[in-house]
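Trainee: The lines below spell out each chain.
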Amino acid sequence: MVKPMPDANRRYQCPGCGYTYDELLGDDHEGYPPGFLFADLPDDFVCPDCAVRYKEDFNFALTP
Amino acid sequence: MTTYRIDTVDQGTVTYTDQKRWWWLLSLVNPLIPLFGIVGHWLTGSELWLLVPLGMMFIMGPAFDWLFGEDENNPPEILVPQLEQDTYYRWLTYLTVPVHYITFLAVAIWVGTHSLTWWGFIALTVALGFADGFAINTGHELGHKRTKIETWLAKIVLAVPAYGHFWIEHNRGHHRDVATPDDPASARMGESIYQFARREIPGAFHRAWMLEHERLCRKGVPVWSIHNEVLQSYMITVILQVGLIATFGWIMLPFLIIHNFFSWWVLTSANYIEHYGLLRAQQADGKYERCQPHHSWNANHKYSNLLLFHLQRHSDHHANPTRRYQSLRDFPDLPSLPSGYYGMYVVAYLPALWFKLMDSRLLALPHIKGDLRKVNINPDSLAAIQAKYGQADA
Ligand SMILES: [Zn+2]
Chain A
2 MVKPMPDANR RYQCPGCGYT YDELLGDDHE GYPPGFLFAD LPDDFVCPDC
52 AVRYKEDFNF ALTP
Chain B
12 MTTYRIDTVD QGTVTYTDQK RWWWLLSLVN PLIPLFGIVG HWLTGSELWL
62 LVPLGMMFIM GPAFDWLFGE DENNPPEILV PQLEQDTYYR WLTYLTVPVH
112 YITFLAVAIW VGTHSLTWWG FIALTVALGF ADGFAINTGH ELGHKRTKIE
162 TWLAKIVLAV PAYGHFWIEH NRGHHRDVAT PDDPASARMG ESIYQFARRE
212 IPGAFHRAWM LEHERLCRKG VPVWSIHNEV LQSYMITVIL QVGLIATFGW
262 IMLPFLIIHN FFSWWVLTSA NYIEHYGLLR AQQADGKYER CQPHHSWNAN
312 HKYSNLLLFH LQRHSDHHAN PTRRYQSLRD FPDLPSLPSG YYGMYVVAYL
362 PALWFKLMDS RLLALPHIKG DLRKVNINPD SLAAIQAKYG QADA
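Chains as they are written, first to last, in our numbering: chain A, 2 to 65; chain B, 12 to 405.
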C-alpha cells in the first residue's frame, strides 16, 4: 500500500533559522513519518533546529 | 589573512577581515591548561605546580579580561554566509574534541601512576573537572549544528564530562524554556548558585530524558536502545571510566567522582550567570514571547570569549541558536556582565557578593526599570525582594 499523501508538496519554514518541515518527507529524526501533515503536529511544537520559534510562527510555502 | 568580499548594489564592495581568525586557536588549546601543572610537576618535582592550572583559570582569566577589555568587532551581516562557509572555523571545533580526550587521559594516567599529596590530587582533579566542564562548551557549539559529523562529535566530547544528556536538554529544552520559571537551567533572582544547582542538575536530566522519551515513542523505538541519544554518549563514558578503574585501580574512583562533579558544576555556573533573573513576558495564550537578545546576559570580553568559542556573546546565540561562533555579534544596550565567565564564576560562588553586584544591575535594565513583575524571581525570596526594592502590589 502507498502511504496516504497530502495533495501537494507543502513546506513550512522557520522564520528564524530556516528549518523546513516538508509534509512529503516528514521528519524522520523527530518521529514524523512521510505524509504527516503540518496541521497535525502538536500545538506545542517548536522548531527542532533552533527551538526559538513556535508552530504558529512557521511560514507556509508550496514547493516551486 | 582571509578577506571576505561581496559586491552590493547599494553599498558598493563590502569587505571583512576577521582579526580574531588565528586567535581562535586559543579555544583549541584552552582544554590543555591542566597539562601545565603536570609538565611543571614533572620538570621540577614540586607539586605546587599542580595549583597552576586553577590559577590560570581563575586569577589569570579575570585579570586578562580586565587587561584586554571588550571586543568592538562585529562581522557585517551580508558577509556572514561566507564566514559560516569557511571550514577553518569548523575544523577548530572538530580538533578540540581529541584535545579534551588527550588532557583527560593524560591527567588520569598521571594521577594513576604517581602518589600525590591529598591537596595535589584535589587541585589537579578539580582543574581537570573545570577544563572538561568546558568540553560541554565544545559540545554545545557542535551540538547546535545540523551536520551529522558535528552532532556525533558533540556526543563524543560530552562523554568526557559524563554529561551526554546535555545536547538534547540544551537544544530542545533550555532553548525552548529559557528565561521562564519553567526552565530549570535559568536562575531566578534571589536564588543562590547552591540552591540553583539542586534544581538545575536533576531538572536538566529529567527534561532531557522526557524529551528523548517522547521522540522515541513517536518513532516507535524502545527507550532503552542504541537509538536513545542520551544513552549513546553515556555508553562512551562508561567504557572510558570503567576502563580507567580497571587499569589504575580504586584511586580512579575518587578521581572520577570529583572530576565529574566539577565538570557538571562548570555548566551549572554558566547556566546560573547566563539568564539570572531575566524573564520573557507571557502572552494571552499562555505561551511566552520569543527569546530576544535582552533575555541573556552577555560578556563581551576579548580574552575569555576567545577561550570559549564566543559562548559569552550569549544574547545573539539565544536569539539565533544555529549561528556559528565566529559570526556571533555584540549589540548595544544588552544585559552585560562586568567580567567574563571566569571572573563571574568566582563572584557567583560568593552569593552575598553576587546579589550585591547583580540585583541592582538586573533591575536597572532598560526593559525592566525596577518593575519586579518583569523579573524571574525565586518564590522563596519574593517577600524579601519586595521589601527591599518596593512594589508590593503586583
Ligand atoms: Zn528554527
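It is worth saying that the hints were derived from the structure and are not from the lab.
Mixed in with the good hints, there may be bad ones.
For lysine-lysine, the following DSS-like pairs were computed, each having C-alpha atoms within a straight-line distance of at most 27 Å [what the hints assert, rightly or not]:
1. Lys56(A) <-> Lys156(B)
2. Lys56(A) <-> Lys230(B)
3. Lys56(A) <-> Lys298(B)
4. Lys313(B) <-> Lys298(B)
5. Lys56(A) <-> Lys367(B)
6. Lys298(B) <-> Lys399(B)
7. Lys313(B) <-> Lys367(B)
8. Lys56(A) <-> Lys399(B)
These numbers were taken from a predicted model, which means no experiment stands behind them.
Trainee: Which of the numbered hints are not met once you compare them with the structure shown?
Mentor: 4, 5, 6 and 8
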